[in-house]
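Following the hints, put chains B, C, D and E with the ligands in place on chain A, whose structure we already have.
Residue numbers (numbering that gives the first Met the number 0), protein chains in the order written: chain A, 0 to 205; chain B, 0 to 205; chain C, 0 to 219; chain D, 0 to 219; chain E, 0 to 256.
No wet-lab data here; the hints were simulated from the structure.
It should be emphasised that the depicted structure is a prediction, and the values quoted were computed from it without experimental measurement.
For glycine and all other residues, C-beta sits at the position ideal for the given N, C-alpha and C.
Hints are supplied without guarantee of correctness; some may be wrong.
[To be verified] What follows is a set of in silico ranges between Cβ atoms, one per label pair, in the way DEER data are often shown: (1) C:L106 / E:R116: 27 to 33 Å; (2) D:I114 / A:A64: 35 to 41 Å; (3) C:V170 / A:D20: 24 to 30 Å; (4) D:I114 / E:R116: 51 to 57 Å; (5) E:D178 / D:I110: 45 to 51 Å; (6) C:L106 / A:A166: 45 to 51 Å.
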Amino acid sequence: MSLFQGNGLACWRGEIPVFEDLDFAADAGEALWLAGPNGSGKSSLLRLMAGLLEPVDGVIAWGGAPIAADREAHRARLRYLGHLDAVKPHLSVAENLRFWAEYWDAPHNTVAPALERVGLARLREAAGRRLSAGQRRRLALARLLLAPAALWLLDEPTAALDSDGIALFSELVAECRARGGIVVFSSHEVLALPDVRRLALEGIAA
Amino acid sequence: MSLFQGNGLACWRGEIPVFEDLDFAADAGEALWLAGPNGSGKSSLLRLMAGLLEPVDGVIAWGGAPIAADREAHRARLRYLGHLDAVKPHLSVAENLRFWAEYWDAPHNTVAPALERVGLARLREAAGRRLSAGQRRRLALARLLLAPAALWLLDEPTAALDSDGIALFSELVAECRARGGIVVFSSHEVLALPDVRRLALEGIAA
Amino acid sequence: MSGFFALVRRDLRLGLRQGVDALVVVLFFLVAGALFPFAIGPEPERLSHLAGGIALTVAALAALLSLDRLYQTDYEDGSLDQLALSPLPLELLALAKALAHWLLTGLPLLIAAPILGLILRLPEAGYGPLLLSLALSTPILSLLGGLGAALVLGARRGGVLITFLILPLYVPVLVLGAAGLDAGLGVGGTDPWLVLGGLDIAALALTPWATAAALRGAQV
Amino acid sequence: MSGFFALVRRDLRLGLRQGVDALVVVLFFLVAGALFPFAIGPEPERLSHLAGGIALTVAALAALLSLDRLYQTDYEDGSLDQLALSPLPLELLALAKALAHWLLTGLPLLIAAPILGLILRLPEAGYGPLLLSLALSTPILSLLGGLGAALVLGARRGGVLITFLILPLYVPVLVLGAAGLDAGLGVGGTDPWLVLGGLDIAALALTPWATAAALRGAQV
Amino acid sequence: MSGSAFHRFANPRRFLRLADATMPWLAGLTVLGFAVGLYLALWASPPDYQQGETVRIMYVHVPAAWIAMFAYCWVGAASAASLIWRHPLADVAAEAAAPVGAAFTLLALVSGSLWGRPMWGAYWVWDARLTSFLLLFFLYLGHWALLNAFDDPQRGRRSAAILAVVGLINVPIIKFSVDWWNTLHQPESVFKMGGPSIDPSMLRPLFVMALSCQVYFFLVTFMRMKAMLLEARRQNALYRVPRAQAVARRTAESGRA
Ligand code: HEM
Ligand SMILES: Nc1ncnc2c1ncn2[C@@H]1O[C@H](COP(=O)(O)OP(=O)(O)OP(=O)(O)O)[C@@H](O)[C@H]1O
Ligand SMILES: Nc1ncnc2c1ncn2[C@@H]1O[C@H](COP(=O)(O)OP(=O)(O)OP(=O)(O)O)[C@@H](O)[C@H]1O
Ligand SMILES: [Mg+2]
Ligand SMILES: [Mg+2]
Numbered sequence: 000m001s002l003f004q005g006n007g008l009a010c011w012r013g014e015i016p017v018f019e020d021l022d023f024a025a026d027a028g029e030a031l032w033l034a035g036p037n038g039s040g041k042s043s044l045l046r047l048m049a050g051l052l053e054p055v056d057g058v059i060a061w062g063g064a065p066i067a068a069d070r071e072a073h074r075a076r077l078r079y080l081g082h083l084d085a086v087k088p089h090l091s092v093a094e095n096l097r098f099w100a101e102y103w104d105a106p107h108n109t110v111a112p113a114l115e116r117v118g119l120a121r122l123r124e125a126a127g128r129r130l131s132a133g134q135r136r137r138l139a140l141a142r143l144l145l146a147p148a149a150l151w152l153l154d155e156p157t158a159a160l161d162s163d164g165i166a167l168f169s170e171l172v173a174e175c176r177a178r179g180g181i182v183v184f185s186s187h188e189v190l191a192l193p194d195v196r197r198l199a200l201e202g203i204a205a
Numbered sequence: 000m001s002l003f004q005g006n007g008l009a010c011w012r013g014e015i016p017v018f019e020d021l022d023f024a025a026d027a028g029e030a031l032w033l034a035g036p037n038g039s040g041k042s043s044l045l046r047l048m049a050g051l052l053e054p055v056d057g058v059i060a061w062g063g064a065p066i067a068a069d070r071e072a073h074r075a076r077l078r079y080l081g082h083l084d085a086v087k088p089h090l091s092v093a094e095n096l097r098f099w100a101e102y103w104d105a106p107h108n109t110v111a112p113a114l115e116r117v118g119l120a121r122l123r124e125a126a127g128r129r130l131s132a133g134q135r136r137r138l139a140l141a142r143l144l145l146a147p148a149a150l151w152l153l154d155e156p157t158a159a160l161d162s163d164g165i166a167l168f169s170e171l172v173a174e175c176r177a178r179g180g181i182v183v184f185s186s187h188e189v190l191a192l193p194d195v196r197r198l199a200l201e202g203i204a205a
Numbered sequence: 000m001s002g003f004f005a006l007v008r009r010d011l012r013l014g015l016r017q018g019v020d021a022l023v024v025v026l027f028f029l030v031a032g033a034l035f036p037f038a039i040g041p042e043p044e045r046l047s048h049l050a051g052g053i054a055l056t057v058a059a060l061a062a063l064l065s066l067d068r069l070y071q072t073d074y075e076d077g078s079l080d081q082l083a084l085s086p087l088p089l090e091l092l093a094l095a096k097a098l099a100h101w102l103l104t105g106l107p108l109l110i111a112a113p114i115l116g117l118i119l120r121l122p123e124a125g126y127g128p129l130l131l132s133l134a135l136s137t138p139i140l141s142l143l144g145g146l147g148a149a150l151v152l153g154a155r156r157g158g159v160l161i162t163f164l165i166l167p168l169y170v171p172v173l174v175l176g177a178a179g180l181d182a183g184l185g186v187g188g189t190d191p192w193l194v195l196g197g198l199d200i201a202a203l204a205l206t207p208w209a210t211a212a213a214l215r216g217a218q219v
Numbered sequence: 000m001s002g003f004f005a006l007v008r009r010d011l012r013l014g015l016r017q018g019v020d021a022l023v024v025v026l027f028f029l030v031a032g033a034l035f036p037f038a039i040g041p042e043p044e045r046l047s048h049l050a051g052g053i054a055l056t057v058a059a060l061a062a063l064l065s066l067d068r069l070y071q072t073d074y075e076d077g078s079l080d081q082l083a084l085s086p087l088p089l090e091l092l093a094l095a096k097a098l099a100h101w102l103l104t105g106l107p108l109l110i111a112a113p114i115l116g117l118i119l120r121l122p123e124a125g126y127g128p129l130l131l132s133l134a135l136s137t138p139i140l141s142l143l144g145g146l147g148a149a150l151v152l153g154a155r156r157g158g159v160l161i162t163f164l165i166l167p168l169y170v171p172v173l174v175l176g177a178a179g180l181d182a183g184l185g186v187g188g189t190d191p192w193l194v195l196g197g198l199d200i201a202a203l204a205l206t207p208w209a210t211a212a213a214l215r216g217a218q219v
Numbered sequence: 000m001s002g003s004a005f006h007r008f009a010n011p012r013r014f015l016r017l018a019d020a021t022m023p024w025l026a027g028l029t030v031l032g033f034a035v036g037l038y039l040a041l042w043a044s045p046p047d048y049q050q051g052e053t054v055r056i057m058y059v060h061v062p063a064a065w066i067a068m069f070a071y072c073w074v075g076a077a078s079a080a081s082l083i084w085r086h087p088l089a090d091v092a093a094e095a096a097a098p099v100g101a102a103f104t105l106l107a108l109v110s111g112s113l114w115g116r117p118m119w120g121a122y123w124v125w126d127a128r129l130t131s132f133l134l135l136f137f138l139y140l141g142h143w144a145l146l147n148a149f150d151d152p153q154r155g156r157r158s159a160a161i162l163a164v165v166g167l168i169n170v171p172i173i174k175f176s177v178d179w180w181n182t183l184h185q186p187e188s189v190f191k192m193g194g195p196s197i198d199p200s201m202l203r204p205l206f207v208m209a210l211s212c213q214v215y216f217f218l219v220t221f222m223r224m225k226a227m228l229l230e231a232r233r234q235n236a237l238y239r240v241p242r243a244q245a246v247a248r249r250t251a252e253s254g255r256a
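Pulled out of the complex, with its shape left as it was, chain A reads as follows:
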């Protein structure tokens, strides 16, 4: 019975079954790597974990209590990073991050260090639409640094990142785990992270 776990999960997208009877479990400080071919349901599972999707079957529980019971609490404890970077093209890099800080009630003074950390300090004033793919991804990663969260749900966090970026990501994961946070991430490339649990999805050959 671990801190964050799901049992017998079934997920449908549209009218199509993605996976059925899937279990996962993660304890404080653990990292879970979702691996699987395209369309096997990694993103779907992460959306289930975040509560953005409802499982057709099964329950996801945090500390024993189903997340459906108290959505506000679950939302408050997690950070989600999807395929899309949620960067506003017409806001500057700093404005983009500052908005999320305000929106999540994170202290203002976390913005500058976060940008520094992901290597975007130089582009602080640049408009979002001027960012390159990897720079945009880095800005998305910076959101994770605004406030410590107990649960990180990251969908291909290293997509478009260069080698430094990947190194940075590993550091972030390590720190989060050291804090006792749980990190669930999907990725196609094998990342050099210490003792990650690997959860392989095959998807349903429909």
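This is chains B, C, D and E with the ligands only, laid out in the frame that chain A set:
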């Protein structure tokens, strides 16, 4: 003096210099791998090669003639694949691809095989917005198969692709090169492709 | 709650990146309104009769022009997921969006209306009623519009259909606004405004919930 | 050339798929038009005289509703790059886009116009001229609109800005269209329509180039 | 064209030299002209027999109107030049002159409508000329709004230039159609603007004022152009980078990369 080459290229985005005095050259059947950190100008260079951007300085030439001299011809000979997949969410997978076939005057009967090849045959009727990240990327790759082109410009073609997808991509590249085509692609991960030239960009430390 | 205002501020900033933008919105009403005389002639008495209807038409136009973007962009660039994953309830999110939309379309119209009245030769007595009608009807346009925008998000057939049930709801609002003008000019009673006020409260109370539901529906 | 029709077909399919745009346009057209009887007070004779002009103006405003989407979506999802990288010249691309826009907005407006005519009690003799004026003026609106949409590509507040840019340029068309109405009602000669036709041709010949230039500018 | 070209080629020493040389003279002429003109207009010219003192508005109004129209042609021409020859100086010329022209248009509108109050008993009348001026004002504002609607200035310049040229083609059409529209629906204004003959005693101050406004236009435009060019040059220096540092190392090794 190679088939496709650029000399003394300088590129600015917005009011900012990206790179200066950059040369590249590729002959029929060769592959050029653009490597470099985030923001070093890989995408920008590919857009220059495609004619989507104007170099501030220097010339890009095909067969000795600057591409600026005959844009129609250059456009007709190349296929470009950007960070964005150009998939219409409200069109089905087949409709998406069929449109590009019609638009580029490619024979209709190339659509089905192309989908088959990238492994989307099963999702032929699915709406574009139901595709997963990797499936969308595969659909973008399928556009390359509609008609043989002399020049492929691919921006992180393997982003979001699983291992099969990457294998597929290597095959496609090999075939294109066998046809005498030129393949220029950017990528952060090291792909197992036989004898590719590597062009490293550092970008300008501004 | 701070999230609420943060969101309103962000949408305003996105809408009014620079001072210019705010001005553009106001001018937009003048241009659109000034179009009518060219089609129906410059005779003052004629224009003065139409001024109210013109103003309301332009109001509806402004409300609709920016609507489909209200949630669409956030939906497409992934911001909506992030917005939904915050302690702020979706109902308040919907309210914040509608408020920002009104500040970007309704308020400028109120500012532009007097000038419009001037060039359309609105009689002195007409200004008060015009402003009152606009002030009462534009909020509903934004609230209902927000609901419509949320419904078409997933763009599943259903959403589209319901939108066509939503848009006609504009009619009574605008009609009441127009009626209010006549009332102000002493043609009828003043009740249209009372009804409008009632609708305002109803919309304020109901649409956020409906919108929130629609947004959850889009997450399939 | 086949690319041209492929693009038109695609845009039509997308427009009808999403469904919203075209119908919102028509609904706005009818709703806004329907406002005026209340605004003017329904005295038939005055109304019928204005009906045509109102219909023309409201049609112009309605056609603006779906404009900012014309290039924006293709721009954001990367399709525009692909479209630009084909043998089809950008000028023809612009033409195809404008044609699709007209088929999705101008044509439905023509079909809806008689209904509005009924609402506004347009006299029998007025229908022919109204349709003719609409048929001659809406294409220019789509062409100018396409230019506007290309100009504001990547700008903030697209919709409002387009309107603001386009309408002053559109005034001559509106004037001529209205003049056509009166001519039809036997006030003057029929030359307004000839001039309008001339403007149609001029717009058809010139706007695609301007639009193509604007699209190239967007590739910064 | 890529945004940078503006900086790379914006090196118009010749223009700057010319501007520095002429501006003192322009400034002097402006002051002198307005002094004389206003004196003639306000004191040394008789009140109109039918308009009384209000006629003096004309000395502001008409010159403003003339310059407003001239300025739009200037902007349109400069924009066309920038689109054809891609010379950044043309961009600057258009961008610098537009607000000045807009200001004169506004002046004509305001002075006109102030004039209209006593003449027509209303601040605004849908008189043909007034209307076409209102539209001209909208064109100016559209141009200005477009210039400022983008995060990337170069993009704004390009769009605005295209709009200005299209507008230039369209202005005569607008003028013609509006006049026609106005005669179509008989205007209720009895007063004909620019009545048949204006008395010489009124013409002299009118022309002095017109000339002063013209000079003033050039003065302000040149000043704005100069400021913009210096700013561009400053940024340009900001981004100049030693070539050596910029050269990308090319490691062409065959075999597995
Ligand atoms: C918003 C209001 C007005 C605008 C925009 C306006 C516009 C113009 C313009 C553009 C001109 C110069 C045209 C040319 O010379 O070709 C002009 C000239 C003139 N306007 Fe106005 N006008 C306005 C109101 C008035 C009023 C109210 C009066 C008099 C009661 C008036 C009297 C004149 C006269 C006398 C001239 C000089 C005639 C000439 O040089 O041809 N204007 N106005
Ligand atoms: N549209 C744009 N406008 C202005 N500047 C831009 C634009 N796109 C990119 N840039 C800037 O140009 C530089 C190079 O961008 P580019 O996308 O070519 O880098 P990249 O090598 O593709 O990076 P990545 O590996 O992240 O894709 C970056 O510093 C970026 O900030
Ligand atoms: N919004 C959606 N509506 C309907 N079906 C969807 C939607 N998103 C994804 N699907 C389907 O659900 C299945 C799983 O999608 P998902 O995105 O979870 O896969 P994934 O493992 O993330 O793939 P990838 O590695 O490409 O990101 C896919 O077959 C896809 O077609
Ligand atoms: Mg995924
Ligand atoms: Mg890139």
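Quick rundown of the hints versus the structure:
For the pair L106 (chain C) and R116 (chain E), the supplied restraint of 27 to 33 Å holds, since their beta-carbon distance comes to about 30 Å. The hint said 35 to 41 Å for the Cβ distance between I114 (chain D) and A64 (chain A), and at roughly 58 Å that hint is violated. At roughly 51 Å, the beta-carbon separation of V170 (chain C) and D20 (chain A) lies outside the given 24 to 30 Å, and the hint is violated. Against the hinted window of 51 to 57 Å, the Cβ-Cβ separation of I114 (chain D) and R116 (chain E) comes to about 43 Å, which falls outside the hint.
Distance hint check for D178 (chain E) and I110 (chain D): the Cβ-Cβ separation is about 34 Å, which falls outside the suggested range of 45 to 51 Å. Against the hinted window of 45 to 51 Å, the Cβ-Cβ separation of L106 (chain C) and A166 (chain A) comes to about 49 Å, which satisfies the hint.
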